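Single-letter residue listing:
Protein chains: 4
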Amino acid sequence: MTGSYSESSYSSAGSVSPREREQKTSKGFTDFCVKNIKSAEFGRREIEIAEQEMPGIMILRVKYAENKPLQSARIIGCTHITAQTAVLIETLITAGASVRWAACNIYSTQNEVAAALAEEGIPVFGWKGMSEDDFWWCIEKASNHQNWQANLILDNGGDATHYMKRKYIDKFRCLKGIVEESVTGVHRLYQMTKNNCLPIPAMNINDSVVKGKFDNLYCCREAVIDSLKKTTDIMFGGKQVLICGYGEVGKGCCSALRGMGAIAYVTEIDPICALQACMDGFKVIRVDDAIRIVDIVITATGNKNVIRREHMNKMKNGCIICNMGHTNSEIDVDSLRTPDLTWERVRSHVDHIVWPDGRRIVLIAEGRLANLTCSNVPSFVVSITACTQMLALIELFKAQPNKYKGDVYLLPKKMDEYVASLHLAGFEAQVTELSDDQCQYLGVARNGPFKPNYYR
Amino acid sequence: MTGSYSESSYSSAGSVSPREREQKTSKGFTDFCVKNIKSAEFGRREIEIAEQEMPGIMILRVKYAENKPLQSARIIGCTHITAQTAVLIETLITAGASVRWAACNIYSTQNEVAAALAEEGIPVFGWKGMSEDDFWWCIEKASNHQNWQANLILDNGGDATHYMKRKYIDKFRCLKGIVEESVTGVHRLYQMTKNNCLPIPAMNINDSVVKGKFDNLYCCREAVIDSLKKTTDIMFGGKQVLICGYGEVGKGCCSALRGMGAIAYVTEIDPICALQACMDGFKVIRVDDAIRIVDIVITATGNKNVIRREHMNKMKNGCIICNMGHTNSEIDVDSLRTPDLTWERVRSHVDHIVWPDGRRIVLIAEGRLANLTCSNVPSFVVSITACTQMLALIELFKAQPNKYKGDVYLLPKKMDEYVASLHLAGFEAQVTELSDDQCQYLGVARNGPFKPNYYR
Amino acid sequence: MTGSYSESSYSSAGSVSPREREQKTSKGFTDFCVKNIKSAEFGRREIEIAEQEMPGIMILRVKYAENKPLQSARIIGCTHITAQTAVLIETLITAGASVRWAACNIYSTQNEVAAALAEEGIPVFGWKGMSEDDFWWCIEKASNHQNWQANLILDNGGDATHYMKRKYIDKFRCLKGIVEESVTGVHRLYQMTKNNCLPIPAMNINDSVVKGKFDNLYCCREAVIDSLKKTTDIMFGGKQVLICGYGEVGKGCCSALRGMGAIAYVTEIDPICALQACMDGFKVIRVDDAIRIVDIVITATGNKNVIRREHMNKMKNGCIICNMGHTNSEIDVDSLRTPDLTWERVRSHVDHIVWPDGRRIVLIAEGRLANLTCSNVPSFVVSITACTQMLALIELFKAQPNKYKGDVYLLPKKMDEYVASLHLAGFEAQVTELSDDQCQYLGVARNGPFKPNYYR
Amino acid sequence: MTGSYSESSYSSAGSVSPREREQKTSKGFTDFCVKNIKSAEFGRREIEIAEQEMPGIMILRVKYAENKPLQSARIIGCTHITAQTAVLIETLITAGASVRWAACNIYSTQNEVAAALAEEGIPVFGWKGMSEDDFWWCIEKASNHQNWQANLILDNGGDATHYMKRKYIDKFRCLKGIVEESVTGVHRLYQMTKNNCLPIPAMNINDSVVKGKFDNLYCCREAVIDSLKKTTDIMFGGKQVLICGYGEVGKGCCSALRGMGAIAYVTEIDPICALQACMDGFKVIRVDDAIRIVDIVITATGNKNVIRREHMNKMKNGCIICNMGHTNSEIDVDSLRTPDLTWERVRSHVDHIVWPDGRRIVLIAEGRLANLTCSNVPSFVVSITACTQMLALIELFKAQPNKYKGDVYLLPKKMDEYVASLHLAGFEAQVTELSDDQCQYLGVARNGPFKPNYYR
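Chains as they are written, first to last, in the UniProt record's numbering: chain A, 1 to 456; chain B, 1 to 456; chain C, 1 to 456; chain D, 1 to 456.
Chain A extracted, bound-state conformation (with noise of 0.2 Å):
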């Protein structure tokens, strides 16, 4: 995490794992497992630093610290533990709910982050690096303890749901509901309803009008810039760069990378998305014919081996490769695991492949999501899914009995734009408003839903 104190001078605790050492608050707390507690006031600093950054949540936050709307919910967390969801988990608990947390993830989770939460008394669980073991471990702590019986789950991946499904199958009957936001966990509840196997009511999150808008597009335009600055320096003024893929992600890209006096070059495979491309005036070639010329090679397709051993051959010296996309396979990076060719880590996250002759190429992340690994996710764009999933969580909290099933649904329109709404007061923005006559004109209400529910 750039830019946030580096841990090295509080990790004296050293190689012991947290679960074998015996860690306490500055008053006296112990129901959790962190790194160092001793870093919380570092932590803290970031989510301060976060809060500034997250204007919708904040909103929240003040508007429920009066009417509580989740006095009494009991909410299973596991998702990524950073800043940003620290924001998240203490609007929850402002709310009126209580909490407990595990991380989703054994690489993400912000140390000092954890352990303000736990200074706070919130029972967390997670580490950055902990074992496959560990992460199930902090799983089972945070989704069973004594007389807690969870009402709700925040997932992220849907660990913590198939969690307790197979393990505590009774208490998971009995919660009113799960939020969802990752592709990965949307699809297995999809799988669970195919099957007939999900007794409670889902909220599917990641396909929220809203999340689709802003995440990709806006996300990605700040972070191509970021993540290429903090890992090489490279100057982008004249530089000519090829973005494979021409859709949310690739977009934010091109107009970022032209902002700063760069030309880019796409590829594609969808004529439509090439046509856009067209228009907004980047030139379409296949990887094969720029290869030789560019500088910078940006991989933003889901696709997979798009960029392979045959096109790395042919790059110039000092060649970027640096992943957007999806997945980790978009750059064959398998094939450069050759006698051949010798690796070099020059800096974090950066490392040279020397071929015979000398000639360099620069890999990013070892072709990981630069994204995340190389650059923070703006607060701001999280505020936007942490509202979302606060709302659907009190939505399946507050609905009345039979309003849900056993079944995935979204988030209503009217919500997605409700969410946006929050986002406004940050720029200083004015909607305008809808009169009685203009409403009829339209055809809608005067607080909408504006859009048609078919729109994306």
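Hints listed in this document are in silico derivations from the structure and should not be mistaken for laboratory results.
Check the hints yourself; a few may be wrong.
[Stated by the list, open to error] Simulated restraints on C-beta separations:
id, chain 1, residue 1, chain 2, residue 2, range
1, B, Asp207, C, Arg337, 48 to 54 Å
2, C, Val183, D, Asp437, 18 to 24 Å
3, A, Val354, D, Glu20, 37 to 43 Å
4, A, Cys439, B, Pro339, 27 to 33 Å
5, B, Lys403, A, Pro339, 55 to 61 Å
6, D, Tyr107, C, Glu433, 33 to 39 Å
7, A, Asn402, B, Gln440, 39 to 45 Å
Model, not experiment: these values are computed from the prediction.
Backbone N, C-alpha and C define an ideal beta-carbon position, used for all residues, glycine too.
Fit chains B, C and D to the known structure of chain A by using the hints.
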């Protein structure tokens, strides 16, 4: 039609209605009714210019000249008669069809183009400024002719469709289908299916993906600059412009204006579009808060009375008002027809409205659509729609007897992609082909469709 | 002049030369010679439209209406007679001057504007399409009139200056000075100082900082889009455009074209400008390497024979060629006048040149300056020059007897800044004032000049 | 230096001053003084990364490896010791020079790079965080060494020049010349010429055209995004940013911020720059009128106290303040050191200043230059300066005895163009060559210079 030859030089025919004059082509053909057959040569040049900018339909013309998929198709056409439609019409004929054509609008006919079509022996009926009575007379001439039994209708607005159904129901039932491109026409078709009175299949071209992605955004990006320059010669650099609405039209306008150094402000009713405007770098405000400072106001909402007398009372001296939206009701022009205000027609399509204190505002096209009135629709974008129309006609004509019923159909996604691909050639764009491996990984066929059906 | 009222309606005066017709204004004034005094009303409207876009000169008009700094100044004007010059002329008169005016070009007079000036009792001499003989007759009429002894010349090209000097040397010696705006005129003045034969002071307006910073860059950014749209209706999105030259004109063209979604390529001879093009994100290539793929070629070099027959032989069918540079020799148009090629005039200012194989290229304005021929110069930018001219006239008129000698002077830097400031009002721009402390720190006076003298 | 290997792993040498420790390279060389010779390998990697982005200097290295124009040149260098300077130093040596090098700043040395140079047997003296006394000791070591008599100085700031002149005036008089790149150093040289005490020629690199055109504009376009991301991770999309000053730095910042979707406002004192901002589409306002709404404030004026306590008192909670201008006095940081405000260091180079009511503003780098403190200067731009320095050194070294006197010289325009051309290769840019005909027409030589001497 700016830039084209003015008609004055050959309009000596004067005030006698074309219906009452006998006209003959150089080859003695008389089955047509246009303003002045002598202007054919000028029309031919306009058609040639349009052909240069319509790569997709010209590729189809070459391709279908051989296998003639419309051999023995007989098409009633009812559309705007412009250079671009002429390119479509002549391509349909090259593909084997015989056609009879009527204007779908009493104002939009390019007289010299109609003459050029007639000169080629095409039965075409329509002229600029014809009466309502003339309008229906033309449709009658196009749809009813001796032994010529139509089997397809290409409609824009539904008038030919409804005329046929009302007057020649038996012939109507024998049609292989209808292709309809307009919002209104599509709406009327859906009404018919609701009432169970559409006996034959119809293709809804208006909602095809290529139309949605390209028409509004890219047409308006060009048209906003063009129509304001042609009417007012205003300099855009540094001008403050209020764009009401941030849908596709508004997005296109904002993008073009920024490119010319103007400062764009946006109004929106929908928080999602408002947030997009923010993220794209445009200030979102209300009309009231901007109206005193802006130099240009553009409406692009689809709503009515967006700019009202109360706003216009506050505008700066010289402020320009221009409608780029869907209707002629976005600007409340009626409210300007009061005794205290003076109207001065200063140029074609430009009125100055003068307040008692001498302040004047500049109204473009009396509030009608500036992009259609004061600018030419780019041939390139019309080519996309024309290809879609042509493919839909062939699909209906060639379909197995029971494939389509009395219902409204969308063009298959794959045809959308095909139309897009036809237009890539003009940009020298090279689409990438998937390997077998990648097809399998993505779960798509090598030639597409590449996007799910619900993709928009 | 696109968009303006055509003259056909009032050109019944027909082919009799204006010099041979007696014309009278509605008030009986006859000391003028224009095409048709009856078109005055249309010209007045064009002048009013121009006033809206000339904030600087209109501010001076209000300011100088009171103290009349040009009281008893008698100015011989010899410039293009357009709506914008009319605004300047009427402002000079408001400031106390009496004027006599001749056209500086046989083609550029807006006849209806000349009529509008005459109608106000201003002695104006010139019409569109006059002969060489007429031209000098008009200058004679403007410079020699009974007891009216001029004390200033406002010249464009130097013709009035040289006519006076040659024919009325005594009167010439009595002038307080000359203000000259054109490259050519300035060149001729410097020649005179070299030869020691300039007896009176002259102000070189052409090399003022405001002109250099604003004229080419911002005018051409607007004009390139405008002139191509008005002549060809081409869609810019996705088009590949070759811009020859990356000086101010080329920079303006590239910026506008990118803003509309075109892909711009640049040619340059100067490595410094070439490197700027690179850093701004434009590919720098040679004409030969791009000529087969581009859709539009724009010359902006100031050089000759930049596009030659050998290039045009290789262009794509439909490629457009357009000159935005300084001369009419950038495109070797003569090389196209060979028997194997056919010229077709397809629209006003548009020729198709057809190769034996049917391929056609589209030549704009026969290679003359497209921005002047096919587009209107933005009134806003003319306002900057007009203010500079007016201030220079006042400076010469009011100067202490020995302040200026028989030499060519540049406008003081401070006046440049004043002219700029006059144009900020139109943009609601608020300039910041320095505190005493800051003035001292920077070593500049509170009201400027803010930049050193060598600043360009 | 973000992204580079942290030193913690090899800093065990601890608090003993480098001057007091004996260090030896792997080959037994000892004529150097750096922080820790063991970090040489890390430094070598940073140098290799820099080489990739410095095409111009690398071309010169290859070219001069053969004819060795600096054979028997002995250069005293006194500059920042960074990876980029290391590339220059090693190129000078390849060209035949022998060098001795001292740091020109007590903070800016990249210790591992200094180690890498020493490891190659280069006498280099300097380390990060050295004292004032150490600083002069290093210059002494560089300039005075046994029988090594320097004949050139490459200086940055003038300290080596003045030290030599003061302490070793005889040796100083024997130098062939000085090359100086900084504003300060150049100022001091001009002072010396004024006082008639510069006995040898000096080249002013700071005012070369290539430096002026590329350094500020393009460096700051990159640095503004980079330094704010690295310190605050802020999302730019939709943010309102106030840029104080629209010179080259301000222009670069505005361009980059717009490219990322931010809304930029500009303040200016000079009407000419203000009008440019308007024409480029930025609103020009006063600090007071914007300060309550903006999210980020950037100073780029060269002035002092542009942002004062009175402004900061009104800023929004979370507003970021960042200086990109010339001095550390643009933001009145002293005014924030009052008892009522609390300073919290939240990250490296980031302080929160907390008001009594809880509102906090975010101050970057305590008001020092953010682009230098929080971002890396792009190697590409340093390459331009480095080439200029190298060519100037060769010019002085090779000049005929009386060509240059005791005066300050500018680099000939032609060398400016040569340096630019060296950097085009990296962009695959192809410059066009003039024909004889065209040379004659333009009045320039085939290989330039292409612009007049007064061109800037």
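To see whether the hints hold, each was checked on the structure:
For the pair B:Asp207 and C:Arg337, the beta carbons lie near 52 Å from each other, so the given range of 48 to 54 Å is met. Between C:Val183 and D:Asp437 the beta carbon distance is about 22 Å. The supplied range of 18 to 24 Å therefore holds. Separation of A:Val354 from D:Glu20 is about 39 Å and conforms to the stated range, judged on CB atoms against 37 to 43 Å. With their beta carbons about 32 Å apart, A:Cys439 and B:Pro339 fall inside the hinted range of 27 to 33 Å.
Separated by about 59 Å at the C-beta atoms, B:Lys403 and A:Pro339 satisfy the suggested range of 55 to 61 Å. Checked against the hint of 33 to 39 Å, the pair D:Tyr107 and C:Glu433 passes, with Cβ atoms roughly 36 Å apart. A hinted range of 39 to 45 Å for the beta carbons of A:Asn402 and B:Gln440 is consistent with their spacing of about 43 Å.
Violation of the numbered hints given earlier is absent; every hint is satisfied by the structure.
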